[in-house]
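So the protein lines, in turn, are chains A and B.
When we follow our numbering, the leftmost residue of the first sequence carries the number 4, and every step to the right adds one.
When we follow our numbering, the leftmost residue of the second sequence carries the number 165, and every step to the right adds one.
It should be emphasised that the hints constitute simulated quantities derived from the structure, not laboratory data.
Do not rely on the hints blindly, as some may be mistaken.
Computed list of lysine to aspartate or glutamate pairs in EDC-like fashion (alpha-carbon distance at most 20 Å, straight line) [what the hints assert, rightly or not]:
| hint | chain 1 | residue 1 | chain 2 | residue 2 |
| --- | --- | --- | --- | --- |
| 1 | B | LYS309 | B | ASP424 |
| 2 | A | LYS32 | A | ASP73 |
| 3 | A | LYS33 | A | ASP61 |
| 4 | A | LYS164 | A | GLU143 |
| 5 | B | LYS253 | A | GLU144 |
| 6 | B | LYS206 | A | GLU143 |
| 7 | B | LYS206 | A | ASP61 |
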Amino acid sequence: MTIVYEDRGDETAGDVPVRRIKFTVNGQKKIAEVEPRLLLSHLIRRGLGLTGTHMGCDTTNCGACTVLVDGRAVKSCTMLAVQADGHEISTVEGMATASELHPLQEGFKEEHGLQCGFCTPGMMMAAKALLDENPDPSEEEVRWALSGNLCRCTGYQNIVKSVLWAAGKLRSQSAG
Amino acid sequence: MYPSRFRYEAPHSLGEAITLLRAGGEDAKVLAGGQSLVPLMKLRFASPELIVDINNVPGLDYHRADPDGTLHIGALCRHADLERSGLLKTTQPTMAAAAPLIADPIVRNRGTLVGSLCHADPQGDWASVMLALGGSVVARGPGGKRSITLADFVVGPFQNVLDPDEIAVEAVVPAAKGVRSGGYLKLERRVGDFATVGVAVAVETSGETVTRAGIALTGVGGSTIAATAAQEALVGRPLTADSIGQAAELAAQAARPRTDHRGSAEYKRHMVRMFVERILGRVDTAAERAA
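Only chain A is shown next, with the shape it has when bound in the complex (with noise of 0.2 Å):
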């Protein structure tokens, strides 16, 4: 994996310092070279080419590029990419198979939980988290679990709904 660096002519190539990561992203394992100050979210979208991780603000407010890390919902563009070493990464890329769409993603589907979609994979990363603890939220819970993300379409009424849905899917098949 390659990642291009601007020169800036303020250091010699040899400057860089370089360290070799190793880290599974949606249970796929991978090698890394990083230049330290690399971003998870740059890794994961310029390194691994994942661009369901999207970047909005930058500055750790929005929750758009949400990923799990070791299960836990993280602001990837406030973790170096370095720090995944030894770690699992999943990215909304890992929630649908071939065949089926994760109950989340349907849930966003069924429930009209998105109109831009730009929030929307930080949304459904900090939702799994969520469901993967509590299967069966109340509503305050989800806002309450929602709310390191923003979404400047919805509202937040539908996604709650989204996620309500996914959350009864997910018993219905664990029950079934």
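Once you have looked at the hints, place chain B on chain A.
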């Protein structure tokens, strides 16, 4: 946005980390949760040459109480761990009230209490909570450990007293001598915004009498403010509408708010008064119910 170029080390022991910091001097920074440091580096407000990431150091993610009730919070204990903590819910009302109000749920998964204290943002919530509780920070350096009370630890906005080769390894909350009660209230425009006003109150009572009181204010001055006169107004007598009113007034007087986009100075001062009254009002009610 990228941070400036830096060297990165992720040692597996505190000893190694301290050695690296010693070699790095003023240009080295410790990285724990990174929820303040990484944004600062991206905005180039901070450009350390060496980052010493302590996330691989084992045994720092604890929070636990000694048999006497003294609480220890390790440098890698995340806000989310504290938010979910049964121990805090039963023994630390001020901390339990503050934990769910730190930043947003995703930031809480990574950010740490100790890191937040080190960052020393005047609008940081934990600094007020720890100041109200009489807490301290334990620092480890080449010469061993030292304990620094929070009042001495933070010396100004974004400034603490750590030497460049010291690491804050844990925060400590002393055991309560009486029955501990209190709370934390925060006015924020939206989740994740900095506090417009935050008030931390921690009181200890023995029978009806208040034996210790801590009141600290977030976001209404150049640094976290200990409302000492307000505290004194409560100690040595029962909590009454009169003493609560006095403490609230004195706390409002201790605030040094500035008018900005989050509200006018007058409004912020008023909210300090209201928050002190609300928190202490609840304590009073709880005591009455118990009696």
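Please verify whether LYS206/B and GLU143/A have alpha carbons no more than 20 Å apart. Since the Cα atoms of LYS206/B and GLU143/A sit roughly 34 Å apart, the hinted pair is violated (cutoff 20 Å).
When you check the alpha-carbon spacing of LYS164/A and GLU143/A, does it fall within 20 Å? holds (11 Å)
Is the Cα-Cα distance between LYS206/B and ASP61/A 20 Å or less? Roughly 9 Å separates the two Cα atoms, so the pair holds.
Given the proposed pairing of LYS33/A with ASP61/A, does the C-alpha separation stay at or below 20 Å? Violated, at about 25 Å.
Is LYS32/A within 20 Å of ASP73/A, Cα to Cα? OK: LYS32/A and ASP73/A at ~14 Å, within 20 Å.
Pair hint outcome, LYS253/B versus GLU144/A [Cα-Cα no greater than 20 Å]: holds (18 Å)
Hinted pair, alpha-carbon criterion (20 Å max): LYS309/B, ASP424/B. Please report holds or violated. Roughly 41 Å separates the two Cα atoms, so the pair is violated.
Comparing the model with each earlier hint shows violations of hints 1, 3, 6; every other hint is respected.
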